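Asker: If you want the building blocks of each chain, they are given just below.
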Amino acid sequence: MRVTTTVNGERYDVDDVWEGESLLYMLRERMGLPGSKNACEQGECGSCTVYLDGLPVCACLVAAGQAGGRQVTTVEGLGSAEDLHPVQQAFIAAGAVQCGFCTPGLIVQTHDLLRRDPHPDDAEIREALAGNLCRCTGYEKILDAVRLAAETMSAAPVDDPSGAAS
Amino acid sequence: MEFLAATTLSDALAAKREQPEAVPLMGGTDVMVELNFDRRRPPALLDLTGVRELDEWSMDGDVVRLGAGVTYTRVIEELGQALPGLAMASRTVGSPQIRNRGTVGGNLGAASPAGDSHPPLLAAGAKIELASVTGTRTVSIDDFYTGVKSHAGRPDELITAVLVRSARGPQQFSKIGTRNAMVIAVSSFGLALHPDVKRVRTGIGSAAPTPRRAVEAESFLSSALEEHDLWETRAALADSLVREFGERVKAAARPIDDVRGTAAYRLHSLAVMARRTLGWAWADYAGGTA
Amino acid sequence: MFGQRIRRVEDPRLLSGRGRYLDDLGHDALAVAFVRSPHAHARIVDIDVSAALAVDGLVAIYTYDDLDGRTSEPLPLLIPHPTLNQGRTPYPLADGEVNHVGEAIAMVVASDRYVAEDVVGLIQVEYEPLPPVVGLAASRDGDALVHADVPGNVAATMVQEVGDAAAAIAAAAHRATLSLSIERSASMPMEGKGVLARWDADDESLLVHTSTQSSTSVRQAIAAKLSIPVDRVEVVTPDIGGGFGVKIVHPWPEEILVPWAARRLGQPVKWVEDRREHFISSAHERGQLHEVEVGYDDDGRLCGLSVRFWHDNGAYTPYGLIVPIITSTQLLGPYKPGAYRVEFQSMYTNTVIVTPYRGAGRPQGCFVMERVMDAIAADLGIDRAVVRERNFIQPAEMPYDHGLMFQDGRPLVYDSGDFPASLAKLKALVGWDEFDSFRAAARAEGRRVGIGLGCYVEGTGVGPYEGGHLRVETDGSVVVSTGLTSQGQGHQTMLAQIVADELGVEMERVRVTTGDTRRFKYAVGTFASRTAVMSGSAVALTARKVRAKALKIAANALEAAVDDLEIVDGQIRVKGSPGSEIDLGSVAVLSNPLRYAFDAGAARATQFAGPVDPTAPPVPEGEQPGLEGTDYYSPVGSTFANGMHAVVVETDPETAEINILRYCVVHDCGTVINPMIVEGQIHGGVAQGVAGALYERMEYDDAGQLLNASYMDFLMPYASEVPHIEIDHLETPSPLNPLGVKGAGEAGVIPGSAAIAAAIEDAEGFAITTMPISPSQLFDLRRRHCER
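Protein chains in written order, with this note's numbering: chain A, 1 to 166; chain B, 1 to 290; chain C, 1 to 788.
The hints are simulated quantities; they were obtained by calculation from the structure and are not laboratory data. Heads up, a few of these hints could be off.
[To be verified] Which residues of chain A face chain C? A partial, calculated answer using Cβ under 8 angstroms:
1) TYR12
2) VAL14
3) GLU41
4) PHE91
5) ARG126
6) ALA130
Remember, it's a predicted structure, so these values are computed and weren't measured experimentally. Backbone N, C-alpha and C fix where the C-beta goes; we use that ideal spot for every residue, glycine too.
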C-alpha cells in the first residue's frame, strides 16, 4: 500500500508498504531515516522513540499505515551533527553517550520532557525516561545531561521542531 | 493482509461486520508486538486511531463515558478527579511512550489478567459498551472477562467505550512488580469506597486466570462498616478488621507460580496491598477529602 | 589533554541519528533468517523445505548438507587449555543434533527479512527429542548426557593449590562452610549481533562488516573457514551498539555463514539478530555453584581456603575455560588467603553457551570471597570492615605473587594497589562508622535498612599485545589506527588525548580508527578492560616514535639540535627561541620526497623545489618515506585495578521489596586518562551489577525453554531502578606500562551482588547465599527463616 506522511517537515509518499509493517521499519528501510533504532520490537526499550503528532511514541508499535496523514519527527529532525539542539549538546557536555544506540530515543524523550516541564526534578526525570533502556551509562550522566539541558534551554529558548505546535 | 483505516465509527462497525476476523488496532502495544514477532498474521488490521468518536470522553450525568481510544496519558491528565483509581493505575502502565499510545479499550480488548486497567474498573463497577452494526449493548465489568485473555464481546463487535460512574468516594490502586518501571504486575489490587450506597468494591489483577473481584471480602467489609456505623462516624478502622479484609482478599485469588513470582508471594502481597489500600482510602474518607 | 574531561569526538554523529550501526548498512543486501531449534536436545530426523520453495522473494535455503570444505567442520575452539580435554564446539548449522533451543538448523536468504521469516515458518523440521540436561544439578547427576561422548557432562576439571589448604583449615581455630550460587544473566547490548558480507567476484575478495569485539580475528577465521587467502578478506566494524563481552566470541556461526552465502550467491547478504535470537542463540554467563571451606584464627585472619565450584558452560565451549579460570584466581580479591585450593568442573548443559560477560567470572568470585569475609565477621562478632582490613595485602607487599596461574597463562602477580587506603576512603564516603546508629533509628521506626561491602581486584589489560599506527598528513592532521574495536567506550577520544599529548598537537587534528582490518592487521580484541592499557600504551609508544622522527627532520630543517626542540600545537620550535619553527604538516612534506606535485604542499617536496644534498639518497638510509610509524605494546603480565563498593538498602517489612538507598564506589584504575569516560564506565558497570543482583536472570524450565527471552520479562533496569552512584577515586599508577594506567571497563559490575547481598543480609538478619534475589524470593527466605 501507499502511505503518505510528513516526516521532519517533509512530505513523503511511500509505496509498497506492507500492511503489517511498523512505522519504524518504514522510516529505516523505506525512507532512509535510520536514526531511530530497533532493539526490541515490543516497545520496551524506547530506542525508536519518535514524535507522532507531537507525542513521543515507540515507532515499532505504530503501524506504518497509522502514520498516514500525520506528522512524524525523528531524531534527525531535531538537530544535525553540525547544528545540534541544546539537548544534544547537553548530552555531549555531560558525557551521556556511550555506544549511542539508545541515544536517539533518549534525545526525543528528553526533548519532550523539557517541552512539557522546563524544570523537572530528579524524580520527574527518572519517571520520564523510564521507557528508555540504556545498557552502557547507568543513566547517571544522562540525568546530568537532562538537568544541564534544562538549564541552558531556560536561559536561551529554542524553536520546537516536534510538530506539537502545528 | 489488508489495512482498513476507519475514520468514523459506522465505517469501523461495517468493516468489522464485513471482516469479523479483522484485528482492531489502536495503540498497537499488543497487536504490533505480535506482528513484529511473527506470531500473528491476521487477514486484516482495522485501524481505529482515526475514529473521532472513540477518541473522546464525556459526562452523561455523573457517568463518565470514556471512549475506547482515549489514551492512558489523557486519563491521567484529564480524569484524575472523576476516575481516580483508573488514573492511578494508568500512571503505572508501561512508560510515557506507551501511555501516549495505549488505551483502556485496548487493555480491555486484550483482557490479560495482568492488565492494569482491570482492577480499578472492577472496583469502580464499570460497564463496557460493545457496538456492532446491529446495535449497541453494555456489559457489566463483572460479566466481561470470560476466560484467559477472552471477553464477552462478539467477533462483529467493537469495544467502543467504558461507562464509569464518577467517583463518590476514595479509590486506590496498588501494584507490585520486581522492577519499578515498565513492569508487568506480579500482582495488583484496586479498591473503591462507594459511601453513597455503602458498598466497597475491589479488583484483583495478575492473581487468577481473569481479573476478578474479591466478592466475599467486599461483603465482609461492607457489612462490618455498616454494622459499626463507620460510614457515618468515619472512625478509624480496627486493625483486626483491616487484617481480616486482607485475608479475605487473599482467599479470592487463584494465582500461579511463574517467572514473575510465586503463588505464595502473590497471595501474601495481595493481602498487604488490600490492607494498605484500605488504610489509605479510609484515611481519605475519614479526612473528608473525598 | 591527559587526565582531562575531554568531550567525546564520537558524539555529534551518534546524537543526531548519524551513527551507522550494522543494520544501518547494506540496504542493497539480501536478508537472512534462521530456522532455530525449538528443542533443547534433539536429533534432527528430516528437514522438509518443499512448502517454502514457492514463496516469492526466496533466494536460497541452506542446511548442514550444503556446507562445503571447512565450513562443514565444527567452529574453532578459540582458547584451548590443557585441562579442557572434552571441549566441544557447534557446527555453523546443526549436523543432525541440536543441543540448545536456538541452535541454527537452516539458513534462509530472501529479498527482505519479512520474506525470510515467512519462509522460516514454512520449513518443516522433524525432531526426535532427547532428554534435556538443564541446570547444574541435572548436569552433575549425569543421568542424561549433553554430548553422548562426554562422560558425566564434565568438559574439564581444573585444580590449583598453594600450600596445603586442607591441613591449614583443619588446624585453624575456627572453620566455616558455605554454599553459594549465582544465576545466569547476559551481556545484553542494545544492539544485537549482525553481519554484512560483500563478495567482489572480480577481485575474488570479501568485505565483511560485523558487530564484533575482534575484527582481526574474525578476518582470520573467515579466511580459514572459507579457504580464502587472508589478504582477500577485510573485516570492518561499523558503530557498535554495545558489547559487554558477548561480541568477543567469534566466529559466531553467522560470521561464517553470511560471507559464505555472499560468495556463493555473488550478492551482498546481511543478517541482523533480533532480540529473541540474541536471548537464545548468543551467550549467557554467571551461572555457578560454589562450595567453600574456610579456616581462620581468632582475629578473623584466613588460614586456609578451599573452594570447589561448578561452572555451567552451556552446550559448547568455544571460549574455553576463561570464565571459571578467572573466578578461581580473582576470587582472592585484595586478600591473602593463607593456603588456597580451588577446583572447578566446567559442566555441559542443554542451554545457550557461556562466554565472558563484563566482569567475566569475577562477580561470582567476589560474591564468594566477600560472603566468606562477612561469615567470619558474623561468627567472631568483629566489624566486617575490620575483618577485611586484617586480611588485606599491604601496599608494601606489592608486587604480590599469589603463586597461581592467571587467565593469560602467566603468574598471578598484583602490580599495584593500596587496599587499606581504598577502604578508608570508602568508609568515609558511605559513613560506615555511623551506620549502626542509623540502622537502630530506622529499626525504631519499623524500617529495615542494611549496609554491605564488596571489595575486588581485577586483572586488566591482558596481553599478548596491541599495536598502533600513526601518520601525520601533509596538512598537519594526524591519522591514528589501532586494531582492537570500540563498542561505545569512547576509544576515539581517549586515544586521541594520548596522541595529542605525546605528539604535541591539538586534539581536533587527531582522527582515530579502530577495528578496521584495512587499516591495521594485527590485533587481539576488546575484552578484559584492556584498551587503555594495551592500545593506549601502543599508540603512546607509536606517537613517541613518530615524534622522534619528526624532530629529526625538523632539526635538519631548522638547523638545530633535536634536544633543543619542542612540539607545541603542531609547531616544532626551538625552545626559548621564538620565530624559528616548522609545522608538522611541513615536516610530513619533507619526509616524503616526491617526483610529482598534486597540490601546493606536494610541490614543496618535489625534486626541483629546493636545495638538495646530492651525495645522500632522497630517503635517508634506515628511514622510510612519510611521517608515520607503527609500534606495539606487549606487557609481561596483566595490571591489576581494584575497587570497593558500599551499598545501603531498605527492604519493605511486608512486601519484601528491595530499595537501594545509597551506592558508593571507591575505584583505582591507576592514572586516569579521561575522568568523564572512566566515571561513565563505572556507572554502567554498577548498573549491570545492580541488575545482576536484583533484576536479571535467565529463567529456564526443565525442558530447556528460556521462559523470559524478551525485554518484557528479562528485567533490565531503567533510570527508575539504578540509584545515584557516588564515586571517589584513588590512583595507584601501574608500574607495568608507559602511562601508568589500569583497566576500567568491567570494574563497576564486579562487587554488585556481593555488596547488595551483604546489605540485605544486614537488614534482614539471615544469610543471603544465592543471587540475584527478587522480592518474591526474599519473601520466601523470610518464611523459611521463620519456620526454622
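Asker: Compare the structure with each hint and give your call.
Answerer: Status of the hints after comparison with the structure:
no.: 1; hint: TYR12; in the structure: 16 angstroms, violated
no.: 2; hint: VAL14; in the structure: 14 angstroms, violated
no.: 3; hint: GLU41; in the structure: 7 angstroms, holds
no.: 4; hint: PHE91; in the structure: 6 angstroms, holds
no.: 5; hint: ARG126; in the structure: 4 angstroms, holds
no.: 6; hint: ALA130; in the structure: 4 angstroms, holds
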